[in-house]
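Chemist: So the chains spell out like this:
Protein chains: 2
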Amino acid sequence: MKKVLYKFILAVVLAGSVQGAYAADPKPEEEIRYRQSVFNVIGRNFNALGAIAKGERPYDQAFAVKTANLVELLAPLPFGSFGPGTDKGALHRSDAKIWTDQAKYKEATDKFLAEVSKLSTSAKDLNSLKAQVGEIGKTCKGCHDDFRLKEAR
Amino acid sequence: MKKVLYKFILAVVLAGSVQGAYAADPKPEEEIRYRQSVFNVIGRNFNALGAIAKGERPYDQAFAVKTANLVELLAPLPFGSFGPGTDKGALHRSDAKIWTDQAKYKEATDKFLAEVSKLSTSAKDLNSLKAQVGEIGKTCKGCHDDFRLKEAR
Numbered sequence: 097m098k099k100v101l102y103k104f105i106l107a108v109v110l111a112g113s114v115q116g117a118y119a120a121d122p123k124p125e126e127e128i129r130y131r132q133s134v135f136n137v138i139g140r141n142f143n144a145l146g147a148i149a150k151g152e153r154p155y156d157q158a159f160a161v162k163t164a165n166l167v168e169l170l171a172p173l174p175f176g177s178f179g180p181g182t183d184k185g186a187l188h189r190s191d192a193k194i195w196t197d198q199a200k201y202k203e204a205t206d207k208f209l210a211e212v213s214k215l216s217t218s219a220k221d222l223n224s225l226k227a228q229v230g231e232i233g234k235t236c237k238g239c240h241d242d243f244r245l246k247e248a249r
Numbered sequence: 097m098k099k100v101l102y103k104f105i106l107a108v109v110l111a112g113s114v115q116g117a118y119a120a121d122p123k124p125e126e127e128i129r130y131r132q133s134v135f136n137v138i139g140r141n142f143n144a145l146g147a148i149a150k151g152e153r154p155y156d157q158a159f160a161v162k163t164a165n166l167v168e169l170l171a172p173l174p175f176g177s178f179g180p181g182t183d184k185g186a187l188h189r190s191d192a193k194i195w196t197d198q199a200k201y202k203e204a205t206d207k208f209l210a211e212v213s214k215l216s217t218s219a220k221d222l223n224s225l226k227a228q229v230g231e232i233g234k235t236c237k238g239c240h241d242d243f244r245l246k247e248a249r
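From first to last, the protein sequence lines stand for chains A and B. Quick note on the working numbering: the first sequence kicks off at 97 and runs consecutively. Quick note on the working numbering: the second sequence kicks off at 97 and runs consecutively.
Hints are computed from structural coordinates only; laboratory data are not their basis. There's no promise every hint is true.
Heads up, the list lumps identical chains together, so a pair's fine if it works in one copy or across two of them.
[As the list claims (entries may be wrong)] Under the rule of at most 27 Å between Cα atoms (straight-line distance), these lysine-lysine pairs were calculated in the DSSO-like manner:
(1) Lys123 / Lys150
(2) Lys214 / Lys162
(3) Lys226 / Lys184
(4) Lys246 / Lys123
(5) Lys200 / Lys214
(6) Lys207 / Lys162
(7) Lys246 / Lys207
(8) Lys162 / Lys123
(9) Lys220 / Lys162
(10) Lys237 / Lys150
(11) Lys202 / Lys214
The following block holds chain A by itself, in its conformation from the complex (with noise of 0.2 Å):
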């Protein structure tokens, strides 16, 4: 029990020393990463529906629904990565705002996601697409105004 207990203690104090300042698990570092990382997936692939809206690409259904779906899969994921202690581990561009005003992040969030859950749908027309881009850019612009920093911090 004893020697149990010691391996187990030894556990927590190495776990504590990789650890750092942060909490151990999930690393803000790798936090960050993820959430920058969804972002620009999302962001490339919303362009591309946005270069359809813009009858810069043509019109292509099965492409814009597939890319549709995986923008609305994709959309929730970043906001997951913006816990406790993620405001700090690596550069980023996300405003200290988003942990002192959760409140007010949440409901811009919340905007963009609601915007988004409609876009598989109105993929499979081509004006119900381009009407729903503009609803969702607005959103993005939004929080983009609201909580994103012009400059990495």
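Please arrange chain B on chain A, whose structure you already have, making use of the hints.
Modeler: Just chain B now, with coordinates in the frame of chain A:
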């Protein structure tokens, strides 16, 4: 991590200044960041399915199918971002063989894509999911062994 990120950002800035050497659209550093982002999102979500397969996380059919759909939609995307000139432009771990032995690389990535295409169907049942996660994992490892460097270059 900060240092790596700093180097990465520096590389991006430097790449910008010598951009003339590359095709302008899309920029190599953006292609590199995009494929890294997609692999990162695939990795975390595939690992969630791996945790279910290993019994470390409870099996929830709706979550498993949704996550499998996401991984399936993401899987082909990185391979569109290994075009000519994207072997340089930012720090990355892609072996030069990807560009010098494209046939072998395609063979390896095709194996991955063939196994991933069965993921969302297999996710409907825990035993099928376990088996398919194993099959996909082998193709991940095969490609990483041959084409992923241990250190960023």
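Chemist: Next step is simple, just say for each hint if it's right about the structure.
Modeler: Results of checking the hints against the structure:
Only between protomers do Lys123 and Lys150 lie at most 27 Å apart by alpha-carbon distance; the minimum there is 22 Å, versus 40 Å within a single protomer. In the homo-oligomer, the alpha carbons of Lys214 and Lys162 lie at most 27 Å apart both inside one protomer (13 Å) and across protomers (17 Å), since each shortest distance falls under that limit. When the C-alpha separation of Lys226 and Lys184 is checked against a cutoff of 27 Å, the pair qualifies neither within a copy, at 37 Å, nor between copies, at 36 Å. Taking identical chains as interchangeable, the C-alpha atoms of Lys246 and Lys123 lie at most 27 Å apart whether they share a chain (25 Å) or sit on different chains (21 Å).
For a Cα distance limit of 27 Å, the shortest separation of Lys200 from Lys214 inside one copy, 22 Å, qualifies, whereas the shortest one across copies, 41 Å, does not. When the C-alpha separation of Lys207 and Lys162 is checked against a cutoff of 27 Å, the pair qualifies both within a copy, at 22 Å, and between copies, at 22 Å. For the homomeric pair Lys246 and Lys207, the shortest alpha-carbon distance inside one copy (22 Å) is at most 27 Å, but the shortest distance between copies (42 Å) is not. Taking identical chains as interchangeable, the C-alpha atoms of Lys162 and Lys123 lie at most 27 Å apart only when they sit on different chains, with a minimum of 25 Å there against 32 Å within one chain.
Within a single copy, Lys220 and Lys162 get their C-alpha atoms as close as 10 Å, and across copies as close as 20 Å, so both meet the 27 Å cut-off. Taking CA atoms no more than 27 Å apart as the test, Lys237 paired with Lys150 passes inside one copy only; the shortest distance there is 17 Å, against 41 Å between copies. When the C-alpha separation of Lys202 and Lys214 is checked against a cutoff of 27 Å, the pair qualifies only within one copy, where the shortest distance is 19 Å, while the shortest distance between copies is 36 Å.
Comparing the model with each earlier hint shows a violation of hint 3 alone; every other hint is respected.
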